[in-house]
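From just these sequences and the hints, can you work out the full model?
So the sequences go chain by chain: V and Y.
The first sequence lines up with residues 924 to 1207 when you count with the working numbering.
The second sequence lines up with residues 844 to 1104 when you count with the working numbering.
Among the hints, a few may not be true.
[Said to hold, decoys possible] Using 25 angstroms as the maximum straight-line C-alpha spacing, the simulated BS3-like pairs for lysine-lysine come out as follows:
#1 Y:940 to V:1201
#2 Y:887 to Y:1071
#3 V:1095 to V:1052
#4 V:1095 to V:951
#5 V:1095 to V:1045
#6 Y:852 to V:1201
#7 V:1201 to Y:887
#8 Y:880 to Y:1071
Simulated from the structure, these hints should not be mistaken for lab results.
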Amino acid sequence: MDAKSIQQSSTILRHSKSNRIKIKPFSKSTFVLRITLAIMAILTVLSFATINFQTIDFWAGLVDTVTNFQTMFTTPQLNHFSFWEGFYAVLITMGLAFLTTLFGAALGLLFGLLSAENLSNKRVSNVIKGSVAFIRAVPTVLWVLIFAVAAGLGSVAAVIGMTFHSAGYLIKAYSESFEELDEGVIEALRASGASWWQIVVQAVIPSSLSYLVSWTFMRFEINFSVAVAMGAAAGAGGIGYNMFMASSFYFDLNEIGAITYYILTFAVLLEVIAIRFKTNISGH
Amino acid sequence: MQFDIFKKKRLSSLLMLAILAAFTYGAMIITQYDVIKGFSSIPKSIHWGLSSFYPTAASLDNLPSILIQLGRTVLTSVAATTVAAVFALFFSLFGSKVTKVNNFLSVLSRGTATVFRNIDVAAWALILLFSFGQSALTGYFALFFVSFGFLTRAFIETLDEVGGHSIEALRATGASYPSIIIQAILPSSTPQMMSWILFMVEMNIRSATLVGILTGTGIGFVFDLYYKSLDYNTASLVVITIVIVILILEYLSNYVRRVVL
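Okay, structure coming up:
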């Protein structure tokens, strides 16, 4: 060991005042981590300090919530629609989620290919990535409400608005999985005279298929819950609308309980199907 | 025979396409989605957006009040995430395969997380409206419950990935459960957890808009107010401020992730 490295190791093994060896050296990453945690803690305290507690009794509300949960989950009851009407409403929500995911996946595939840096040129890729970042920054409900002005409230505005956001999400996810493809594969195919479409269909899509499927299913699950929300907030119909009516017009906790069971059942079902599908794809 | 393989492949992809088309047709009938109207509404919306959905000088007068509400919404989202993260940390320690205390607690905390995660944030908001009314706490708790469910699942996955060998090694040296958690598990999983927390903050600000529309609080309420009174100029200003905040946040969290991970 030469003098320089001895000097270096002695700077790393700093001693604290109580003469104990500091095991964890100070680094940029721990510094940033601590600063982030500190900022979040400060913001949390600030947030609780600024919430107006005067109009509400916090503890009474908390006790209320627990009793409400008890009413909801132990005595679910349908009062304003029948079991099958409720089932049909969930199917509508499912249909909205399905259409949105399908359109989003189609757009995602096309623009994902165009924005993957290894399959497209830099300028096109940057333009698409920039606009996608903007599209994703606008919350879905705002897209739906914006489209609702021109198309009227209903399934058209809901599907188009939700498609915007899903497409933005899937374009990013797809292009990232396309970019993971080994550069050598594309180069070899290009050298053998394959056209752009042949490269995409024969090499790029098959090798990233399992990623594509799992991202698409993940988005389907998100879209289902978004579709519930859009029914409630933007009049898109489906089970979300029933829930909004039960909560804001009928004040019917038992019905909300029943609707929650509907949503939970379908959400869990969707998760199970997604897991089965994913293992099927990756098994082949 | 090679020829048959190609034929079979083509047949199976045709079958997949047919199933997909059938599902699409069914979904369109159920939701009463009009394809032609769908396509024609896009240019119509763009035309409308360019002709009336932009901030004017008059709408800028409302900017201070919008910014105050936006600031409150951001604070609520951060607070919901941090408190949820603390709870999620304990639940994930009990729930993870590598750090669980016993099987009963593990199944219990995983189950709790699944229920909280799968009830949508809009549903939570509507449920909590009953007990907390039209106040900031409704939105706060709705965001908190969903964040809690999501973060518990994410943390459990992180712990499962990180744990394993280091726990086995420490256990062999005779280290106690708390010292294993504090000395080995937490330091090695903090960066990954931080990344999830930042992701959750971003997601919460987006959901906060939706929750605000439903419960009448925060930036969502402000947007709804201007939107429903047909003041589209100010409504567009609200959208622009939200977009700016989310883009800034995305930039900051990407920076933290790059340094920390």
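Comparing the hints with the structure gives:
Restraint check for residue 940 of chain Y and residue 1201 of chain V: satisfied, since their Cα atoms lie roughly 22 angstroms apart, inside the 25 angstroms limit. Distance check on the hinted pair: residue 887 of chain Y and residue 1071 of chain Y sit about 20 angstroms apart at the alpha-carbon level, within 25 angstroms; holds. Restraint check for residue 1095 of chain V and residue 1052 of chain V: the C-alpha separation of about 7 angstroms stays at or below 25 angstroms, so the hint holds. Between the alpha carbons of residue 1095 of chain V and residue 951 of chain V the distance comes to roughly 29 angstroms, so the proposed pair goes past 25 angstroms and is violated.
For the hint linking residue 1095 of chain V to residue 1045 of chain V, the alpha-carbon distance of about 15 angstroms falls within 25 angstroms, and the restraint holds. For a cut-off of 25 angstroms, the pair hint linking residue 852 of chain Y to residue 1201 of chain V stands: about 20 angstroms separates their Cα positions. A distance of roughly 39 angstroms separates the Cα atoms of residue 1201 of chain V and residue 887 of chain Y; the hinted pair therefore is violated under the 25 angstroms criterion. The straight-line distance between the Cα atoms of residue 880 of chain Y and residue 1071 of chain Y is roughly 23 angstroms, inside the 25 angstroms bound, and the hint therefore holds.
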